[in-house]
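Number of protein chains: 2
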Amino acid sequence: MKSIKTVHITKINAATEQEVTDEIIVEKILNIFVNRNFYASLMCTPNEIIELTIGFLFAEEIISSMKEVVSIEELIENNICVILKKDLEKDFEKRKAFTSGCGKGSIDLDIFEELNLKPVEGNAKYSVNEVLSMMKEFNNKSQLFKETGGAHSCSICDRTGIIFFSEDIGRHNALDKVIGKSILDKINLNDKLFMTTGRISSDIAIKAAKIGIPIIVSHSAPTDMALDIAKSCNITMIGFARGNRMNIYSGEHRII
Amino acid sequence: MKSIKTVHITKINAATEQEVTDEIIVEKILNIFVNRNFYASLMCTPNEIIELTIGFLFAEEIISSMKEVVSIEELIENNICVILKKDLEKDFEKRKAFTSGCGKGSIDLDIFEELNLKPVEGNAKYSVNEVLSMMKEFNNKSQLFKETGGAHSCSICDRTGIIFFSEDIGRHNALDKVIGKSILDKINLNDKLFMTTGRISSDIAIKAAKIGIPIIVSHSAPTDMALDIAKSCNITMIGFARGNRMNIYSGEHRII
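Protein sequences appear in the order of chains A and B.
Going by this note's numbering, the residue at position 119 of the first sequence is 119; the numbering climbs one at a time, nothing skipped.
Going by this note's numbering, the residue at position 224 of the second sequence is 224; the numbering climbs one at a time, nothing skipped.
Simulated from the structure, these hints should not be mistaken for lab results.
A few of these clues could be false.
It does not matter which identical chain is meant; a pair holds if it fits inside one copy or across any two.
As the list claims (entries may be wrong) - Straight-line alpha carbon distances no greater than 20 Å define the calculated PhoX-like cross-link-like pairs of lysine-lysine that follow:
id	residue 1	residue 2
1	Lys5	Lys231
2	Lys11	Lys136
3	Lys125	Lys11
4	Lys186	Lys207
5	Lys11	Lys231
6	Lys207	Lys231
7	Lys118	Lys231
8	Lys125	Lys67
Using the sequences and the hints given, assemble the complete structure.
Below, the structure is given as structure tokens:
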């Protein structure tokens, strides 16, 4: 399915007004079914939807590797059905329990226990110059953003450069797509870093912790909760990586 | 509750490296209870949380005005309890039905019917210069963004200037906060416009349609689904409003 649509717009620049065509990013509903039951709907850019589904189900703790997946197919356009080896019954129960757990008050304190996040162990080190030149390569790669201005990008990299790269209208979806690619390709992430154009909020830090990636680099800002998670999980968190500058918020030992 | 936190970071600028303190934006869980039952948790910047709760419950179609609200109070920090005149039972059922409805396939076609969106009727007109100068005022107002680089802003304006202004880590929350303020102050929105720093995705367009605001102006890009909604609901949608430029995607009749 196409990720870009051409539309007619009125373009105003100071005193001039022109009727022109312009490219805008496509947003579609992706319906995910697990074991033939409806599981979730995501609003997304409809490319790499198999990868997005895999990454999303990993983040949801429905799967931990492709070994648990019997089949995954697009039934009709933008409707993905995943068949698992295991019964989903107890996972739906777990999901429900977590959701209602949010209402019990002290989630801020209990979040690490509830989520069962473990420290990330990888200790690969990167130089400041390596990080900044990867960020430059990353920024140049965003085709959808260049054409529409409406996409976030994510990539997984090591010192050889960008390994996986994805774009989506949603920060989370772009990350789920590259996580999905890593799971499909069975690559080891504990010496990699991931780059994002988006802010690092708690959910982004949680996804990084779950997949075990030790370094997050963002073009943008972090939140305090993301920083707490990064510190608890031994994650190196870098924000505002732009040009020659960057801020290291945690895990300085991995940056030389 | 504070929206900004001071943390220690390592700031790298070309060859220099400094240990400094820096401001980062606070992200907290807001738990919303309706009629003493847990309803939802939002990740947000913890200011204006009463307004956020009201705006969120409006968007969820739990309330349509303050007449339906008996009381709203913060039970413990970041836990808001709303007591309604009506029983919530059937609304919970409706919510459940809508969620599972997403799995039925053709939501792209049915979305307007399911959401019961009506065309927005207001026909106030604004000049290009009015819109661009309001955008300039709006951009200058973002205190949290200036201090942390991690906030989105939303405002509701008319030709007298900015009426309500809010910031949050989330695009949706910032909009819900200004919608909440409009509901609390019972102001008529059908001659107003709303401004956002964030992308205009379908959910933002849906919120504008529900509250009946005729003009959306964004610093950023729209998606194709948001544009479809704007066209169906007679909403004027403007993107990339920056400096002297802007793109009008729909509803050109309101811009003179």
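Hint check results:
{"no.": "1", "hint": "Lys5 x Lys231", "in the structure": "between (41 Å within a copy, 15 Å between copies)"}
{"no.": "2", "hint": "Lys11 x Lys136", "in the structure": "between (30 Å within a copy, 18 Å between copies)"}
{"no.": "3", "hint": "Lys125 x Lys11", "in the structure": "between (47 Å within a copy, 18 Å between copies)"}
{"no.": "4", "hint": "Lys186 x Lys207", "in the structure": "within (17 Å within a copy, 41 Å between copies)"}
{"no.": "5", "hint": "Lys11 x Lys231", "in the structure": "between (46 Å within a copy, 17 Å between copies)"}
{"no.": "6", "hint": "Lys207 x Lys231", "in the structure": "within (14 Å within a copy, 36 Å between copies)"}
{"no.": "7", "hint": "Lys118 x Lys231", "in the structure": "within (11 Å within a copy, 48 Å between copies)"}
{"no.": "8", "hint": "Lys125 x Lys67", "in the structure": "neither (31 Å within a copy, 59 Å between copies)"}
Violated hint for the displayed structure: number 8, the only one.
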